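In order, the protein sequence lines correspond to chains R, Y and C.
In terms of full-length UniProt numbering, the first sequence opens at residue 1 and continues consecutively.
In terms of full-length UniProt numbering, the second sequence opens at residue 1 and continues consecutively.
In terms of full-length UniProt numbering, the third sequence opens at residue 1 and continues consecutively.
Since the hints were made in silico from the structure, they are not lab data.
Some hints here could point you the wrong way.
[Claimed, not checked] Examples of chain C residues toward chain R, derived with CB under 7 Å:
hint	residue
1	W28
2	M40
3	A42
4	P44
5	L47
6	L128
7	V132
8	N233
9	N234
[Claimed, not checked] In silico SDA-like cross-links for lysine to any residue, where the CA-CA straight-line distance does not exceed 20 Å:
hint	chain 1	residue 1	chain 2	residue 2
10	R	K234	Y	P175
11	R	K354	C	T12
12	C	K11	Y	A119
13	R	K366	R	Q213
14	C	K11	Y	H125
15	R	K234	Y	V176
16	R	K356	R	A166
17	R	K186	Y	A166
18	R	K379	Y	T69
19	R	K274	R	K354
20	R	K354	R	P276
21	R	K234	Y	P182
22	R	K379	R	T407
23	R	K182	C	K11
24	R	K127	R	T114
25	R	K379	Y	S72
26	R	K186	C	L54
27	R	K396	Y	P182
28	R	K274	C	K11
29	R	K396	Y	P93
30	R	K274	C	L136
31	R	K274	C	T50
Every value quoted in this text rests on a predicted model; they were computed, and no experiment measured them.
No residue lacks a Cβ here, since even glycine has one placed at the ideal position from N, Cα and C.
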Amino acid sequence: MTGLNRRRRLAAVAVIALAAVTGSACSSSTDGPSDGGAYLVWDPYPQFADDSEWVALLKKCGTSAGVTVERTGYDTTDLTNKALLAAQQGNSPDVLIVDNPVISTLAEAGALTTTDDNKLDVSAMEKNLLGAGQSDGKTYGVPIGANTLALYYNKDLLTAAGVDPATVTDWTSLTAALTKVKAKGKKGITFSAIGTEEGSFQFLPWFWGSGAQLTSLDSPQAVSALTLWTDWLKQGHAPNSVINNTQTTSWQEFATGDYAFAENGTWQLANAEKLPFAYGTIPVPASAGGPAPAPTGGEFVSIPVQKNTGRYQTSQQLVACLTNADNLLTTDTTLSYVAPVAAVQERQATADPKLKVWVEAVRAAKGRTGDNLGTKYPKISESLWTAVQAALSGGKSPQEALTAAQTAASTR
Amino acid sequence: MRATTETSTAVRDQGGAASTAPPGPPPSRARRPNRWWAWGFLAPVTIYLAAFYAYPLYRNVELSLREYTVRSFVQGGAPFAGLDNYRTVLTDPAFWPTLTHTVVFTAASLAFQFTIGMALALFFHQHFPLSRTLRALILVPWLLPLIVSASTWSWLLNSDSGLVNAALGVVGIDPVNWLTSPGWSLTSVVIANVWIGIPFNLVVLYSGLQAIPAEMYEASALDGATGWQRFWGITFPLLRPVSAITLLLGLIYTLKVFDIIWIMTRGGPTGSSATLATWSYRLGFGNLLPEFGPGAAIGNLLIVLALIAGLVYIRIERRQQLR
Amino acid sequence: MTTSTPRAWWKTGVGLVLTGLMLFPVYWMINVSFTRDQDMRASPPHLFPTNGTLDGYRAVLDQQLPYLGTSFLVGLGTVALTVALAAPAGYALAKLRPPGGPALSFVLLIAQMIPGIIMAMGFYAIFLTLGVLNTLPGLILADTTLAVPFGVLIFTAFMSGIPDELLQAAVVDGAGRLRTFWSVVLPVSRNSIVTVSLFAFLWSWSDFIFASTLAGGGDHQPITLGIYHYIGNNNQQWNAIMATAVVASIPAAVLLILAQRYVSMGVTAGAVKD
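With the rest of the complex left out, here is chain R:
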């Protein structure tokens, strides 16, 4: 009667499981990783396999701290939930690397230690970058690298249309350039206005470049920025697909060679070298001229709260190792990022003159959760991208869309 035996065994398994559920419902946590020798690191770089330089660096830092490092790379959108869940269950990794706007959420959740607890030295970091990891005077992490946005342009196409990129310094001259390109039968500009954080990230340089503030989404300046985008779509300077474009999609559009400009980030530099045409970069222009402040992107290294506070010391050594000058240079070179430390930025710019414009852009950039917005930012940002989508898809006028956004952001 093997059938009976198997069912008995299955039933036994299920009973054990049931007991476990009841147990876990009452005491919802166990100790973190108990193996003293292994330190867990989570990062949002699933693209780096075990034989990559990044993983080699992690191992090396582990060795010099006298521990082994167990690393897992997660998809970036997945990592926030995963980190919250692990914190809830008392199973957080020792070192957590996350996208910078997530830091304020995790800090709010009480899942991260401050530099007071973990004794990390953050004095070398650039203030505008560090801002995203700070709230109420406490610092919850160290930037590992920074990126920001600028306009890539297609040199061949602009030459053919008779546009000198150096003359593109404000919105008027940019729109004039787009008109000339369109007259040549080519397409003007592509960007990403998708209904996620990515869309807000891409809109912010124009938003801030108009002089608008995140605390007042319906100011006339803000409306002028959204009107600029909406008019581009109406006049055919930008493709309708931007409403659904991720930054990767919009880069693929630029790579076809049909577009004169593309708003994209530092991380595309490596791909830019593979473009089948000559390219250049200019800062995103502000409304009245000069470079607009772009938002900072990039990840932070943080040390999540552990039951066993004795682990912080080793974690601190690991983080210090990951963020020392030489290692930052390696990491940020592989990521195509700009380093968060002035001295390293200089070394990057010297090694590759093309990075110079990006170093300047990062220095002028602004944290999204800065200005002490902290966890207010996610709501503001959601209202903002919703407004952008409403205006671009023709559902509402820019004024209506932003008025609704301001109401939504301030009431919820």
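Keeping the supplied structure of chain R fixed, place chains Y and C upon it in accordance with the hints.
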């Protein structure tokens, strides 16, 4: 003669298929001793259900009844909020449009998936050369991770570089903003969802067709019935229990769908393709700052919707059984 | 088997067209997997990967094969556990009709409505306590929850079509309920067993949410997580993503076709009831 008696037994039996039908007034043949004994066969699945579904369900209800912030999610101690989260959701201006989208999405997806799936099942049931291989190939979309299949659809439907618009252009139709205009986005996600759902309907209905004894068709062929008459006279009634369960499962899976929509449009633009499932996901997990309470509340509302559908199904089944 | 008359071949033609239409998006995925970055958003799009690249496949063959193995093991485990749990339950609900049975089916129906991500969060807590986080059995157990309710309902629907006479004949022959189930019910239910197995396999093969939450940190990662090698935090390598999907579907598609052949044979054999 023999074929006919067997037929009527089969019909009665399948009518009683009623996976969820209540014991009801026992038919004459149901005087079985010791029916509790049958729980021996049900024990593994019952324990399994209790072990693995009860806790998540409890979590979801608990999340919806407390006022969770990210802080109390991690640290515990969220205050009890009664039905506040449900009130928040129900009074949200987005509620009614989203509910409407959910109904339209579900009804349209089910109607097309089922009809096309049935047509294909009937077609492939005819055993022609390569029929089995082709039918197996139609399942291939199910092997693809959703991120790939949904992304492929957004690729095809892209306003500027999508193949669909290019094809429309060839026949002289202006490009359609499939994913980026509020008027079309819901249609686009329905198309993709129908495509993904067809194999499921095909396979289940096909297995149902195979369970119909060939003698019945032979008998009706003797009566000189046409193909169409055969379908309505034999196939359709005999396939009814399988069709009912296919539709019911389809309804539940469709109500739950969020990843296809999320990947293709994020529920946008401006909520025009948002369903209750995507809304729940956006609130709970698609944001920098999760709002677990309202997210879970919407999830529970969906469970209630499925519950209603299940009850309706049982009623219909019971009526059929009594007939 | 039908003889290959000209009419049958005409049907094959129609079948090919229908299959082609259904699989067109799959073709598009293959097309993209060979496309260079600069041609991906060409307008109008290229119908064929002219100037194609093998970069995507190079990356995949270097990195993805171990993931495929894991997916297979998880798929087979899910199938076995699902059938073992669901078939007896389907039999009981369809033929033995115990009191309270309908309530159980109803619970099964509702159980499927719990959002996957909530299930995954629940499992995370359970698995952490059990110590099966990041293990194969853990992932198999989680993946079965996608298929068990479906399996029970499908088995119930199909097994109620088994003529009572057949079961009574077995009882007359002196077989117990268990024996009747094992040597009469299961063999004639071959068709529904394969249907349930098929879906159990497909669901576990394409599952992402459980894999990511419950196996993301371990050595046993299925192919759906392997794809994330090409989805960086700012950038996605679409030709490699699509190439992974292509490489992952080929062995599974072969398995499907073989399974279908087996089903058809099994059904013809099983259809001879007396």
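Tested hints:
Here the hint on C:W28 is broken, as its CB sits about 15 Å from the closest CB of chain R, past 7 Å. The restraint placing C:M40 at the interface with chain R holds, with a minimum CB-CB distance near 4 Å, inside the 7 Å limit. A cut of 7 Å between beta carbons decides the hint on C:A42: the least distance to chain R is about 5 Å, and the hint holds. Proximity of C:P44 to chain R is violated relative to the hint, the smallest CB-CB distance being about 11 Å (cut-off 7 Å).
Because the smallest distance between the Cβ of C:L47 and any Cβ of chain R comes to about 16 Å, over 7 Å, the interface hint for this residue is violated. The closest approach between the C-beta of C:L128 and any C-beta of chain R is roughly 6 Å, which is under the 7 Å cut-off, so the hint is satisfied. With a cut of 7 Å, the hint placing C:V132 at the interface with chain R is violated, because the nearest CB-to-CB distance is about 9 Å. Using the Cβ-Cβ criterion of 7 Å, the hint placing C:N233 at the interface with chain R is satisfied: the shortest such distance is roughly 4 Å.
Taking 7 Å as the C-beta cut-off, the interface hint given for C:N234 holds, the closest approach to chain R being about 4 Å. For the given pair, R:K234 sits about 15 Å from Y:P175 by alpha-carbon distance, which is consistent with the 20 Å threshold. A C-alpha spacing of about 60 Å is found between R:K354 and C:T12, which places the hinted pair above 20 Å, so the restraint is violated. Restraint check for C:K11 and Y:A119: satisfied, since their Cα atoms lie roughly 14 Å apart, inside the 20 Å limit.
Only pairs whose Cα atoms come within 20 Å are accepted, and R:K366 paired with R:Q213 is accepted, the gap being roughly 12 Å. Simply put, C:K11 and Y:H125 have alpha-carbon atoms about 11 Å apart, close enough for the 20 Å limit, and the pair holds. Between R:K234 and Y:V176 the alpha-carbon distance is near 15 Å, which keeps this suggested pair within the 20 Å criterion. A threshold of 20 Å between alpha carbons decides the hint, and for R:K356 with R:A166 the separation of about 16 Å falls inside it, so the pair holds.
Restraint check for R:K186 and Y:A166: satisfied, since their Cα atoms lie roughly 18 Å apart, inside the 20 Å limit. The straight-line distance between the Cα atoms of R:K379 and Y:T69 is roughly 14 Å, inside the 20 Å bound, and the hint therefore holds. Between R:K274 and R:K354 the alpha-carbon distance is near 15 Å, which keeps this suggested pair within the 20 Å criterion. Our distance criterion of 20 Å between C-alpha atoms is met by R:K354 and R:P276, whose separation comes to about 18 Å.
As the CA atoms of R:K234 and Y:P182 are separated by approximately 16 Å, the hinted pair is consistent with the 20 Å bound. Simply put, R:K379 and R:T407 have alpha-carbon atoms about 11 Å apart, close enough for the 20 Å limit, and the pair holds. Restraint check: the Cα-Cα separation between R:K182 and C:K11 comes to about 51 Å, which exceeds 20 Å; the hinted pair is violated. Restraint check: the Cα-Cα separation between R:K127 and R:T114 comes to about 17 Å, which is no more than 20 Å; the hinted pair holds.
Of the supplied pair hints, the one linking R:K379 and Y:S72 holds, its CA atoms being roughly 19 Å apart against a limit of 20 Å. Between R:K186 and C:L54 the CA atoms are separated by roughly 30 Å; this puts the pair beyond 20 Å, and the hint is violated. Distance check on the hinted pair: R:K396 and Y:P182 sit about 11 Å apart at the alpha-carbon level, within 20 Å; holds. Among the hinted pairs, R:K274 with C:K11 is inconsistent with the structure: their alpha-carbon atoms are about 49 Å apart, more than 20 Å.
With a C-alpha separation of about 16 Å, the suggested pairing of R:K396 with Y:P93 holds against the 20 Å cut-off. Under the criterion of a C-alpha separation no larger than 20 Å, the hint pairing R:K274 with C:L136 is inconsistent with the structure, at around 41 Å. Of the pairs offered as hints, the one joining R:K274 and C:T50 holds, with about 18 Å between alpha carbons and a cut-off of 20 Å not exceeded.
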